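Got chain A; can you put chain B on it based on the hints?
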Amino acid sequence: MGEQELVEALKDGNEAAFKYMVTSWQDMVYNTSLGLVQNEMDAEDVAQEVFVKAWESIGSFKGESKLSTWLYRITVTKSLDYLRSRKRKKRFAYVQSLFGMNDELVIDPPDFHHPGVVAEKKQLSASLFKALDMLPEQQKAAFVLSRIEGLNHKEVSEVLGTTVPAVESLLQRAKLNLRKKLENTYRKEL
Amino acid sequence: MKNNENNPKNGASNWADQVLASLDGMERVKANPFLYTRILARMEKKMGIWEKAAGLISKPAFAFAAVFVFVAINATVLLRSQAEAEEAVAKKINKEQMLAAEFSYSQTYTLVEINEEK
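Respectively, the protein sequence lines represent chains A and B.
The opening residue of the first sequence carries number 1 in the working numbering; numbering runs sequentially from there.
The opening residue of the second sequence carries number 1001 in the working numbering; numbering runs sequentially from there.
Just chain A, with the same shape it has in the complex (with noise of 0.2 Å):
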């Protein structure tokens, strides 16, 4: 099935066509998500929201793009809004601890161990993920598709809605505040 074909089809609201739209890019979505949220649960949950949005506002898609680029854009928006959503959560919760209002420990998630690193190198990138989820957003949306979805910079700028020049800088600067970030883990371990 043609794109230009599926999206006709989605927007006639024909199911066979969303079942196949899932099924081509669940990986895509998933994948992304759990990179960006790091947790599972928590990403299947974003990849269910990502389908059902892409469902419900297929309507309002140009064909400007690529359909693969506005499930990425759909798919980022979602998960940074979740990981919003989690530390405002987390906010509320310490403020409540604070006033005794919970008794409950606000604990930090354990360590994340994403099921596509190589065995060897799990606990390395397990210090990685920590680093990366004290990024700046739109740093750590530009990392996680280039360097977990693999996209060049150019398909990394058109989810992003911004220049490749823009894309580099973003790059740069998230490898730059890595680096910091884990030598900083590194001297207070030592």
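Hints are computed from structural coordinates only; laboratory data are not their basis.
Quick caveat: nothing in here was measured; it's all calculated off a predicted structure.
Take the hints with a grain of salt, since some may be wrong.
Example chain B residues on the side facing chain A (calculated, C-beta under 10 Å, incomplete) [said to hold, decoys possible]: (1) 1030; (2) 1036; (3) 1042.
Covered stretches of chain A, as calculated for chain B (at least 3 residues, CB under 8 Å) [claimed, not checked]: (4) 15-26; (5) 29-37; (6) 82-91; (7) 125-138; (8) 162-176.
Even for Gly, the Cβ is constructed at its ideal location relative to N, Cα and C.
Relative to the frame of chain A, chain B by itself:
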């Protein structure tokens, strides 16, 4: 996790390099094979909420209650504005009377006027 290097600066830098390279050769993770079914269930649940909302709105009792609330709000606003208007008129009259009382003079005559009358 750390290299047995004497210089902590080099050690940190080398370790950071290793960590940054830890994603090399990683594979794309596969989504849950039941993702599509779960999405459908989620959509049905979402539709269910809207259907319930639509069902509630379309009930005659809801329509009557909505009309009643609308009429009640309008009546309250109308009565309140009428009362306020009456109060404003009363205040205005009262003010005018006070002003008149303040500037009114008693019927006194000057000597010239008395002589003229005579």
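Taking the hints in turn, this is what the structure says about them:
1. 1030: 5 Å, holds
2. 1036: Holds, about 5 Å.
3. 1042: 5 Å, holds
4. 15-26: Result for this restraint: holds, n = 4.
5. 29-37: With 4 residues close enough to chain B, the hint holds.
6. 82-91: Violated, because only 0 residues of the region 82-91 of chain A bring their Cβ atoms closer than 8 Å to Cβ atoms of chain B.
7. 125-138: holds (count 4)
8. 162-176: It is violated, with 1 qualifying residues against the three required.
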